[in-house]
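Number of protein chains: 4
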Amino acid sequence: MLQAFEKLSPDRQQAILNAAANVFAEEGYHFARISKICEKAGISNGALYKYFKDKEDLFLAVVDNCVYLLENELFSTMTVSRKSIFDSIGSFLTANVQFNKEYCDYLRIYCDLGSPSMGRFAANASKKIETMASRYTIKLIEESKSRGEINKNISNEAAAYLIDSFTTFFAYSLVCEYHSNRFDSFYSASGRRFSVDERMQIILDSLRQALNIII
Amino acid sequence: MLQAFEKLSPDRQQAILNAAANVFAEEGYHFARISKICEKAGISNGALYKYFKDKEDLFLAVVDNCVYLLENELFSTMTVSRKSIFDSIGSFLTANVQFNKEYCDYLRIYCDLGSPSMGRFAANASKKIETMASRYTIKLIEESKSRGEINKNISNEAAAYLIDSFTTFFAYSLVCEYHSNRFDSFYSASGRRFSVDERMQIILDSLRQALNIII
Amino acid sequence: MLQAFEKLSPDRQQAILNAAANVFAEEGYHFARISKICEKAGISNGALYKYFKDKEDLFLAVVDNCVYLLENELFSTMTVSRKSIFDSIGSFLTANVQFNKEYCDYLRIYCDLGSPSMGRFAANASKKIETMASRYTIKLIEESKSRGEINKNISNEAAAYLIDSFTTFFAYSLVCEYHSNRFDSFYSASGRRFSVDERMQIILDSLRQALNIII
Amino acid sequence: MLQAFEKLSPDRQQAILNAAANVFAEEGYHFARISKICEKAGISNGALYKYFKDKEDLFLAVVDNCVYLLENELFSTMTVSRKSIFDSIGSFLTANVQFNKEYCDYLRIYCDLGSPSMGRFAANASKKIETMASRYTIKLIEESKSRGEINKNISNEAAAYLIDSFTTFFAYSLVCEYHSNRFDSFYSASGRRFSVDERMQIILDSLRQALNIII
DNA sequence: GATGAATGAGCATTCATTCAT
DNA sequence: CATGAATGAATGCTCATTCAT
Numbered sequence: 001m002l003q004a005f006e007k008l009s010p011d012r013q014q015a016i017l018n019a020a021a022n023v024f025a026e027e028g029y030h031f032a033r034i035s036k037i038c039e040k041a042g043i044s045n046g047a048l049y050k051y052f053k054d055k056e057d058l059f060l061a062v063v064d065n066c067v068y069l070l071e072n073e074l075f076s077t078m079t080v081s082r083k084s085i086f087d088s089i090g091s092f093l094t095a096n097v098q099f100n101k102e103y104c105d106y107l108r109i110y111c112d113l114g115s116p117s118m119g120r121f122a123a124n125a126s127k128k129i130e131t132m133a134s135r136y137t138i139k140l141i142e143e144s145k146s147r148g149e150i151n152k153n154i155s156n157e158a159a160a161y162l163i164d165s166f167t168t169f170f171a172y173s174l175v176c177e178y179h180s181n182r183f184d185s186f187y188s189a190s191g192r193r194f195s196v197d198e199r200m201q202i203i204l205d206s207l208r209q210a211l212n213i214i215i
Numbered sequence: 001m002l003q004a005f006e007k008l009s010p011d012r013q014q015a016i017l018n019a020a021a022n023v024f025a026e027e028g029y030h031f032a033r034i035s036k037i038c039e040k041a042g043i044s045n046g047a048l049y050k051y052f053k054d055k056e057d058l059f060l061a062v063v064d065n066c067v068y069l070l071e072n073e074l075f076s077t078m079t080v081s082r083k084s085i086f087d088s089i090g091s092f093l094t095a096n097v098q099f100n101k102e103y104c105d106y107l108r109i110y111c112d113l114g115s116p117s118m119g120r121f122a123a124n125a126s127k128k129i130e131t132m133a134s135r136y137t138i139k140l141i142e143e144s145k146s147r148g149e150i151n152k153n154i155s156n157e158a159a160a161y162l163i164d165s166f167t168t169f170f171a172y173s174l175v176c177e178y179h180s181n182r183f184d185s186f187y188s189a190s191g192r193r194f195s196v197d198e199r200m201q202i203i204l205d206s207l208r209q210a211l212n213i214i215i
Numbered sequence: 001m002l003q004a005f006e007k008l009s010p011d012r013q014q015a016i017l018n019a020a021a022n023v024f025a026e027e028g029y030h031f032a033r034i035s036k037i038c039e040k041a042g043i044s045n046g047a048l049y050k051y052f053k054d055k056e057d058l059f060l061a062v063v064d065n066c067v068y069l070l071e072n073e074l075f076s077t078m079t080v081s082r083k084s085i086f087d088s089i090g091s092f093l094t095a096n097v098q099f100n101k102e103y104c105d106y107l108r109i110y111c112d113l114g115s116p117s118m119g120r121f122a123a124n125a126s127k128k129i130e131t132m133a134s135r136y137t138i139k140l141i142e143e144s145k146s147r148g149e150i151n152k153n154i155s156n157e158a159a160a161y162l163i164d165s166f167t168t169f170f171a172y173s174l175v176c177e178y179h180s181n182r183f184d185s186f187y188s189a190s191g192r193r194f195s196v197d198e199r200m201q202i203i204l205d206s207l208r209q210a211l212n213i214i215i
Numbered sequence: 001m002l003q004a005f006e007k008l009s010p011d012r013q014q015a016i017l018n019a020a021a022n023v024f025a026e027e028g029y030h031f032a033r034i035s036k037i038c039e040k041a042g043i044s045n046g047a048l049y050k051y052f053k054d055k056e057d058l059f060l061a062v063v064d065n066c067v068y069l070l071e072n073e074l075f076s077t078m079t080v081s082r083k084s085i086f087d088s089i090g091s092f093l094t095a096n097v098q099f100n101k102e103y104c105d106y107l108r109i110y111c112d113l114g115s116p117s118m119g120r121f122a123a124n125a126s127k128k129i130e131t132m133a134s135r136y137t138i139k140l141i142e143e144s145k146s147r148g149e150i151n152k153n154i155s156n157e158a159a160a161y162l163i164d165s166f167t168t169f170f171a172y173s174l175v176c177e178y179h180s181n182r183f184d185s186f187y188s189a190s191g192r193r194f195s196v197d198e199r200m201q202i203i204l205d206s207l208r209q210a211l212n213i214i215i
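Chains as they are written, first to last, in full-length UniProt numbering: chain A, 1 to 215; chain U, 1 to 215; chain L, 1 to 215; chain R, 1 to 215.
If you are wondering where the hints come from, they were derived from the structure by calculation, not from laboratory data. Only a predicted model underlies this, so the values are computations on that prediction, with no experimental measurement involved. Take the hints with a grain of salt, since some may be wrong.
Pairs count within a copy or across copies, as identical chains cannot be separated in the list.
[Said to hold, decoys possible] Straight-line Cα separation of at most 25 Å, SDA-like style, residue types lysine to any residue; simulated pairs:
id : residue 1 : residue 2
1  : K139      : G191
2  : K101      : G46
3  : K152      : S84
4  : K127      : D184
Sequences and hints are given; from them, build the entire structure.
Below you can see the structure in the form of structure tokens.
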């Protein structure tokens, strides 16, 4: 990201990043056309190169914005105190659905970052996201344990990682057929497909079983 | 895949698919250059196009081979009877490490298939892999429950999905820094990195805790 | 054409040339695929290169065959004595229609030879065909004049060239929409299309008018 | 032809079309190399593809320009009133020679369009050209007949088609050896070649004889 | 600063021709 | 002699990036 970009109004910055996120999400990094991004953003081809060094620089800015949004629009919901960890996780799953409604492009990009071929772009984002996820989730567990909701034989780390695995794969399933297929394969031998609400319910049930949550 | 390819000797077929898998894994589908694949495979540019309609056709053949290998070299190890489900999962994690040693390119491709931007290529593979994974894992659970190893309050589906989530993320962590970072973030507040063996041990411990496995 | 080709049985030679003529006629020289020709001819790719030096050599052999057929199956009909030059021309037009039924591929190639971009292939054929055409037609005129059918103020050359122009364009119109359009534009202000039989009748009428043929 | 092309200055448009016409005329559609056209036009490879969708689109634009030039630089000369139809035809033949001097590439392309293998490109052009030719020629005949120059036993259509056949083949002979050979074969038994001026003279004589033109 | 036309390196793909079997 | 698999040079086209206006 070049200085010129930071001089733009926040709205304009967002508009450009959102346009880029949209094209990157829909087409994937390589198929995404710079010209299409410019068109969507309502800026000229040359302008974009005043704001970003090259395509990669633009994508990294989108990824940074993605991290920012995940923190402020998704993970931040976890800090709200709830009656039980069950409520917290339920709220977080709902927040994922909401995030997917408002920022599906960013959710897709977040999911793309977890593939080896995107490794070169994920370096920075990776650490920020996972630090965030682990910090929030572990805090959740600690509070929950102090309320006696969770089986004490499960370590905080294991419980946190378990919850994060379920919620991460849930997020993936919202934007990636592969992962929604995976979920359905496990929970229905007969091949039926679950709705998003059903999936949330099933995940909550499973977590309660695994963590022996007493409500 | 065209007829001409099937007429080649199995060795030659494997050599070509492996060369392609290697380039696709290292560069990603779009950055992968046909000429580099041909060079690695020791065949001419023209020959490749006698064997495969186009780049996509070649990639899909690699994906098919990937599914085949996953079934025969990885998931098949799950069918071997073990003393406990703990042994079975441990063996499966080891099998993943072994698979990564022999077929790391295919493991990377398998991981890539789970990203939204690869959706168009994953359709067929997705179902085969997940059906396989769920079938084997659920069978494992059933046997284990009949031996009384697992907390009966956890449904078979939840237990199976839980195990698969841990093992899938473990496989991802072998080929994708993003996921190895994620694991480490959860299990070490101080930011230390775990070795592969440590990760396997931690995963087994966590699963034991979550499933109340009695050994 | 290489020696090996001449050693083949006449039938086999014809089969190969006809297959080539068919593909050349339908696709044009450049789009014509050697492999498609081999397939149609029922010979292997390698065999063709035993018979012909290269694609051009094959095409020239087809052109030679085209000239041979034009002479023996088309122009030869002109030598048959008829009651009047009108009968002769009528028979020749009919012969063209017949030739187009049996050898439409060759008629198309003949028409293609008259375009500048085929000049490099037409050199030999050109002279043979036109010598043939002029010789036969001028002879026709001479006989006709001696019978007093034609206006003596028209030179033999002019009369012959005039007839040949009409018959040549008629042949072109059988295989080339451009020339059938051209004919119709001149003979119908309202844009109607003529059948082949109507065109023949119109041509005969026009020639009679121009040559003042007295029947 | 894309919008971008129409935004260029007329000079630049002509320069590009002329460069393309030159290469298409000299090499034929298929042998013509895009890179050679760009070189001749003094533009980059990429620029060409901003102006035209693909090679075919470029060729069709050249054909359109060809039709435009034929109308404005060649057929338009026919509308000038002359003392006699003989003068008109003479002027038209001279105009053909002149057109060949200034636009020989377009004359070659025009001639190429009349071959079956170019049929797919000729559809539009065909109708425009022939409508033009027939309209102008028939008008010429009508005026001439009203002046009593032409044998009234010859129908307007026949006379027009006859004249057009002679002038069309004359145009072809200017750019295509095949057709100049054909002409010479008919008008010289001894195999001598005629100059362009001689051919024009001969054609005029022949037409006068066939139409009984009284000057 | 902003523009968007122009650049040209780069790649997938084709197909006439060859040659080991 | 016949085969047909293999070759690899050649080319149309794309698109990230630049730069004159």
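Cross-check of the supplied hints:
no. : hint           : verdict
1   : K139 with G191 : between (37 Å within a copy, 17 Å between copies)
2   : K101 with G46  : neither (32 Å within a copy, 40 Å between copies)
3   : K152 with S84  : both (16 Å within a copy, 24 Å between copies)
4   : K127 with D184 : between (30 Å within a copy, 10 Å between copies)
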